[in-house]
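Number of protein chains: 4
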Amino acid sequence: MKKFEGLIAAPFAPMDENGEVIYDQISVYYDFLAKNKVVGAFINGSTGEGVSLTQKEKMNTVEAWTACSKAKKTVKVISLVGGTSYKECIENAQHSAESGVDAIALLAPYYFKPAGARQLAEFCAKVAEAVPQTPVYFYHIPVLSGCYVNMYDFLQEAAPIIPNLAGIKYTHEDFMDFLSCINFRSGKYEMMWGRDENMLSALVLGCRSGVGSTFNYAAPLYNQMIAAFDNNDLLTARKLQQQSIDMIRLLGKYGGIATGKAYMRYLGFEFGKFRLPVKNMSDEKFEKFKADVRALNMEELFSEK
Amino acid sequence: MKKFEGLIAAPFAPMDENGEVIYDQISVYYDFLAKNKVVGAFINGSTGEGVSLTQKEKMNTVEAWTACSKAKKTVKVISLVGGTSYKECIENAQHSAESGVDAIALLAPYYFKPAGARQLAEFCAKVAEAVPQTPVYFYHIPVLSGCYVNMYDFLQEAAPIIPNLAGIKYTHEDFMDFLSCINFRSGKYEMMWGRDENMLSALVLGCRSGVGSTFNYAAPLYNQMIAAFDNNDLLTARKLQQQSIDMIRLLGKYGGIATGKAYMRYLGFEFGKFRLPVKNMSDEKFEKFKADVRALNMEELFSEK
Amino acid sequence: MKKFEGLIAAPFAPMDENGEVIYDQISVYYDFLAKNKVVGAFINGSTGEGVSLTQKEKMNTVEAWTACSKAKKTVKVISLVGGTSYKECIENAQHSAESGVDAIALLAPYYFKPAGARQLAEFCAKVAEAVPQTPVYFYHIPVLSGCYVNMYDFLQEAAPIIPNLAGIKYTHEDFMDFLSCINFRSGKYEMMWGRDENMLSALVLGCRSGVGSTFNYAAPLYNQMIAAFDNNDLLTARKLQQQSIDMIRLLGKYGGIATGKAYMRYLGFEFGKFRLPVKNMSDEKFEKFKADVRALNMEELFSEK
Amino acid sequence: MKKFEGLIAAPFAPMDENGEVIYDQISVYYDFLAKNKVVGAFINGSTGEGVSLTQKEKMNTVEAWTACSKAKKTVKVISLVGGTSYKECIENAQHSAESGVDAIALLAPYYFKPAGARQLAEFCAKVAEAVPQTPVYFYHIPVLSGCYVNMYDFLQEAAPIIPNLAGIKYTHEDFMDFLSCINFRSGKYEMMWGRDENMLSALVLGCRSGVGSTFNYAAPLYNQMIAAFDNNDLLTARKLQQQSIDMIRLLGKYGGIATGKAYMRYLGFEFGKFRLPVKNMSDEKFEKFKADVRALNMEELFSEK
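Protein chains in written order, with this note's numbering: chain A, 1 to 305; chain B, 1 to 305; chain C, 1 to 305; chain D, 1 to 305.
Treat the hints as calculated values from the structure; they're not laboratory data.
Careful, some of the hints might be misleading.
Pairs of lysine to any residue residues, derived as SDA-like cross-links and limited to a Cα-Cα distance of at most 20 angstroms, are as follows [what the hints assert, rightly or not]: (1) Lys113(D) <-> Gly260(C); (2) Lys56(C) <-> Lys87(D); (3) Lys87(C) <-> Thr54(D); (4) Lys70(B) <-> Ser99(B); (5) Lys253(B) <-> Tyr148(C); (6) Lys113(A) <-> Met281(B); (7) Lys253(D) <-> Glu157(A); (8) Lys239(A) <-> Arg185(D).
Because the structure is a prediction, the values reported are computed rather than measured.
Throw the hints in and build the complete structure from the sequences for me.
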């Protein structure tokens, strides 16, 4: 598979008032991403609440997204199939492959933590070898998985035993490790940056793609930032990165990941709430949030519905 | 349900050389626990590798254990149905209830961590209300779940909204929190201790039951310790607790939770290995381990096959 | 030195409104502790704000306390001389020894953390050998020092190289480690418990002394708890431990360690505030605190002025 | 004070075989830094073992460095006076100011951790107001201090109460926080990067200076990297950053901070060992280390003696 270049959004799971997934919204969602020059969708990830869905719901989600990607071919689909049981991961991986995803992604098991890079690589290999024709990404997000194995160490263990390993979604701030991975085996593996709030610090290292939740609602901001960086207009790039930070700071202020769905609501998408145990915003708080968003004064940087 | 009194073992998942669960061994296993005066089996927990099994395997495990408990009625069965998706927990809880477990247990979701006691209680309530006739235990094990909410705070939130809450399996070392829970609502909730290596420090606070992995292979040790404590023979109780510690120290020396299956092998049970990402002992190491176990000189304190 | 038996208080540093130490109050403080059957004073520790004092202030504090202990001989004095520079620790240790303390105590260096038990033991040995006639205690408080070396491992390294090592003040909740230390070399080292809120769980293991901040203001509670335990009246002992917990819970509610000085103020001692960066209670909050303390309804368990 | 531009080295404390500081070496050391185009010396910091020195030794160190800077005026001197007692910090700050340092630096107190940004700012203000004519930098290094307060929050509290605050030495990987500080009050505060291994990711955000230990022995590498970045030659800049990483990876391989003195020994400076509790390299290991350094094949990037 040719490497990704550009923005890969991690879509939210659209839900109704009872917390049931509304698969019907996915087609509109897909077009919205394409319209805003998003090149990929990383589904069933943290933003997509994969861990909060049942296995059946995850599979339905995969089918809804791949129905779009197979028909329209604008936005590629990467499906996260990671979990704590490699046998269940295999079930999910095979279903994803059969459904026509462009790639799958794996996560470090997050209950029993791998003792080291070798155990992590062996765990991933078990799943990857069940879908030998499908590119496999590793999704590194220690703050949630609890697995702090260096990716440079992981690549050394994984490269020889996972022939379909394609790269890493890197959601952590160890730039020493990240650059070492970029340079591993002459750049063989695709390193996708996963922290929107400091993407500029990854671009300067040679990174060409990112996976993020804020690409859902602010794709223009990041596409402009990449363009400015490519044109060596660093003043503009820094200004846009600071605007991304101001936007992301509201996530912290309003309680974390669930604020993402509030941003989507701001744009006109009713995606409901995050499932428990995630904490959601009250309607009252949403009004304050809206005022804060308006005060950012960055309407032209948000994605267009 | 009348409260438990005594030892509740957390059984291992018996596996063959390929890592497939051997359900056939469970009947023999059940009798072995009963013979050694274990009063309950806490299945699909950490020791039982619940998170490493598929949903189907977990259900099969429940059915194998409840087949025994319904027929023989010596050892009660508590089934862990916790996970990260409350919808999947409900599926598992309903299956467990229909299979005839004596109780279910829930775990804090371990990917998205609950923001506080309220979110944790609400998550548990969602599952508990789906099996209103079944006693529900909360399994507190922050070192694995990553959820450090105080159980005293949890009880305050959970008591009003989970009528079938029966108690807590407490696998953490906050004795201040633990005693506060024992005394909560005049001792309404059953507090089961989950750290075998310092059970004596829980007994002195009024605790009457424990859930542990080492009760699988050293039930006599703990039953003798409880008896010594009840007889106010503290010198003997302390000596036995130290022997339990010496035994448990070998878990650390030989790599952690997988050493439990090595202890079972020492007793004559071939339960295979732990699934990845858990690290297992090599055969060579097992020989050294056996020598270390023999040097403990505590054969009469091990469970009898 | 004969081992301690009973309560060792960790005195506060009495300060005036400008945060200057009032050494004059120490004589009255000493008598107050003696009156309430406290057998030792652990000075310049966490409660005593040793780290917030200058070297000169620490030395003045030592001189004020040893002036009392040499004259009155009721309460023994242990002086914490730990720090991050072993050379400065030696200066402090020698001054303490010359001033006539009964023992000194050392802390794990808390900026550069020891790589392991050996480095920790070697660091302590450097200081201990400078005061060969003085008993040395190690003060284990990982939550503040950041050093999580097991004390059982430490004793194995320290025993051969620190002949004047007398024991450990154990302010951590690893009862497995604690009991192993009690039994190390047939009980050669004195293990003093440092978590007042679960002292009962230490007593059952054979511990006979504790070092704590709440012994300053609630010595009767703990002396009664020890007596009840010794008389095998566990119901009373548990009730008292729960009362200690209720009292200590107010520390958390009102912001931590500085609340200790508020308890002293409640008893009639004006000891001022904790120095920055510790957060103190406002006068307004103190009124609420007083109401909460009264609601505990345990006046007869507080120390008598 | 005009802002720094370029490399500020954090010098090692030269010691003899008995661990005594050799102040005589400092003059040669000073010239060596100047020769290699280092613009500042950040003394008594982590690399300089400030916490392992006595107060007198720290003062002697200050005097030796300022004797050079006052005479030669090539390399400016910043003296770390941080500690856990603000009164002792004031003593050190006043001595530094009188000795003629160009600036002082403060550290978060590392035993009692500040409850929040306000307590941290108030602690620093106490010291800063004692040397009102001296620029003050805050040294942010949470991995050692244990204080994880965001610097953006700190600046909001500190700006109004510390008029002589000049900037922050930022030794942490939160680039979102870092860029927010760069942009705070239109760039009023100087943000000096403290992680040599990812300096390129800071340069792209507009950072113009760094404080680091590897600038002691590899200043040419970083000066070339800055030049390449300024010339928009990113391929060269990335290559040099990777070489810096390869060099720094040996620190991890050989046990951490003490490896820095081994690099100096490699260059011909006999600076002895780090004081306990830091672990040092054996002579045997040093031979292996030398071979590894030679294999890096980057002699021309090391500082010239």
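Exercise. Identify every previously stated hint that the structure contradicts and give their numbers, smallest first.
Key: none
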